[in-house]
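Asker: If you want the building blocks of each chain, they are given just below.
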Amino acid sequence: MIILLALAAGIGIGFAVQPSVPIDLQPYLPIAVVAALDAVFGGLRARLDGIFDDKVFVVSFIANVLVAALIVFVGDQLGVGGELSTAVIVVLGIRIFSNVAAIRRHLFRA
Amino acid sequence: MTAALPSPPPPTGWRGLVELLRPRPNRAQAIVALLVGLLGFAIAAQVHVTRSGGTLATARQTDLIGLLGDLTARADRLRGQIAALEVTEAQLTAGTGGRAAALAAAKARLQTLGILAGTLPATGPGIALTINDPGHQVRADVLLDALEELRGAGAEVIQIGPVRVVASTALLDAANRNVTVDGVEVAPPYAFLVIGDPKTLAAALGIPGGVLDTVDARPGASATVDQLARVTIRALHPAGAGQ
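Listed in order, the protein sequences are those of chains W and A. Residue 165, in my numbering, is where the first sequence stops; the numbers in between run on with no holes. Residue 252, in my numbering, is where the second sequence stops; the numbers in between run on with no holes.
Derived from the structure by calculation, the hints contain no laboratory data. From the three backbone atoms N, C-alpha and C, an ideal C-beta is built for every residue, glycine too. Warning: the hint list may mix true and false statements.
[To be verified] Estimated spans, in silico, between C-beta atoms of each pair: (1) Leu43/A / Phe128/W: 17 to 27 Å; (2) Arg160/W / Gly78/A: 28 to 38 Å; (3) Asp85/A / Val129/W: 55 to 65 Å; (4) Val129/W / Ala84/A: 53 to 63 Å; (5) Thr141/W / Leu65/A: 11 to 21 Å; (6) Phe70/W / Glu98/A: 20 to 30 Å; (7) Thr97/A / Gly134/W: 36 to 46 Å; (8) Gly78/A / Lys110/W: 23 to 33 Å.
[Said to hold, decoys possible] Among chain A residues calculated to face chain W with C-beta under 8 Å, some are: (9) Trp23; (10) Leu44; (11) Leu48; (12) His57; (13) Val58; (14) Asp72; (15) Gly78; (16) Leu80; (17) Gln90; (18) Ala92; (19) His145; (20) Ala149; (21) Pro207; (22) Ala211.
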């Protein structure tokens with residue numbers, strides 16, 4: 056409940072403040088958001104599996120975001136930033152789908 | 010922090026979800042809530058950027074450079090096409106009137122000169138003059154008179170037998186009493202094909218003491234004139250080498 060409220064509050068504040076993302080961060084923010092989503096769904100799945108650990112969640116959340124941004128940053132330096140962004144998005148998307156599938160099995164037994 | 014986990018086997022299914030929603034205020038929940046709140050904020054910020062900036066604002070530098078290069082190359086190509094088309098347009102505008110008129114005039118002149126020189130076939134109203142002379146009494150001088158009479162009456166194109174008559178055509182008596190026209194031996198009956206005004210030509214030939222009378226005066230010879238609406242002369246005078 057607290058977490059859902061926090062999510063809603065974050066989205067509400069974001070839309071209310073209309074923050075301007077620094078130009079240097081703009082290529083990495085979408086990747087970071089997707090990586091964080093992956094961590095959140097992974098945490099939800101772990102919670103339903105009964106193996107949720109908040110320390111693991113915090114570390115995986117931050118690590119996901121940093122590694123995703125780092126991969127894209129390195130890709131930009133190497134001149135393959137666009138391709139690596141796509142690769143990261145694909146991998147994270149697959150992980151999100153598999154986590155959501157596990158959550159769905161928990162909830163619907165199917 | 011691990012104290013947050015319930016000691017009995019964790020609930021699963023919808024019960025687990027409901028269990029999740031139950032507020033359990035502690036430090037771990039606060040940290041997780043902070044992170045998720047940050048995620049929500051980032052999502053909102055990114056959505057805002059995407060909506061306001063369009064796609065170019067968030068594109069990375071290499072992509073923008075590629076786009077710029079493509080656009081520059083495309084603009085260069087189009088500019089080249091514009092220049093070429095403008096040159097063509099200018100040429101066409103300047104040349105259309107004068108060139109077309111000159112071309113038409115030159116073609117008409119070529120046709121006229123070709124017909125006069127005998128290098129082109131010709132068609133038009135005219136007459137067919139046939140001189141029957143089984144006795145070989147009609148000589149070249151009579152034919153030359155007839156030719157001159159026809160020319161005087163405005164004949165434009167003349168053919169004697171298989172030979173196209175031009176300005177330099179010569180009529181000669183041949184040894185066997187035939188007539189050579191431009192070196193080609195022609196035997197009676199002598200067939201003239203003439204393009205010109207039929208009535209004028211027939212009248213010129215039929216005047217008293219004229220060609221027809223002269224021919225008729227020769228023993229066994231006769232001449233007939235047919236006025237034709239359409240005479241086609243296909244015999245050609247070989248064109249000489251240019252000088």
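Asker: The structure should be examined with respect to each hint, and the outcome stated for every one.
Answerer: Checked hints:
{"no.": "1", "hint": "Leu43/A / Phe128/W: 17 to 27 Å", "result": "25 Å, holds"}
{"no.": "2", "hint": "Arg160/W / Gly78/A: 28 to 38 Å", "result": "50 Å, violated"}
{"no.": "3", "hint": "Asp85/A / Val129/W: 55 to 65 Å", "result": "35 Å, violated"}
{"no.": "4", "hint": "Val129/W / Ala84/A: 53 to 63 Å", "result": "34 Å, violated"}
{"no.": "5", "hint": "Thr141/W / Leu65/A: 11 to 21 Å", "result": "18 Å, holds"}
{"no.": "6", "hint": "Phe70/W / Glu98/A: 20 to 30 Å", "result": "56 Å, violated"}
{"no.": "7", "hint": "Thr97/A / Gly134/W: 36 to 46 Å", "result": "43 Å, holds"}
{"no.": "8", "hint": "Gly78/A / Lys110/W: 23 to 33 Å", "result": "49 Å, violated"}
{"no.": "9", "hint": "Trp23", "result": "6 Å, holds"}
{"no.": "10", "hint": "Leu44", "result": "5 Å, holds"}
{"no.": "11", "hint": "Leu48", "result": "4 Å, holds"}
{"no.": "12", "hint": "His57", "result": "5 Å, holds"}
{"no.": "13", "hint": "Val58", "result": "5 Å, holds"}
{"no.": "14", "hint": "Asp72", "result": "6 Å, holds"}
{"no.": "15", "hint": "Gly78", "result": "14 Å, violated"}
{"no.": "16", "hint": "Leu80", "result": "18 Å, violated"}
{"no.": "17", "hint": "Gln90", "result": "31 Å, violated"}
{"no.": "18", "hint": "Ala92", "result": "35 Å, violated"}
{"no.": "19", "hint": "His145", "result": "104 Å, violated"}
{"no.": "20", "hint": "Ala149", "result": "98 Å, violated"}
{"no.": "21", "hint": "Pro207", "result": "89 Å, violated"}
{"no.": "22", "hint": "Ala211", "result": "95 Å, violated"}
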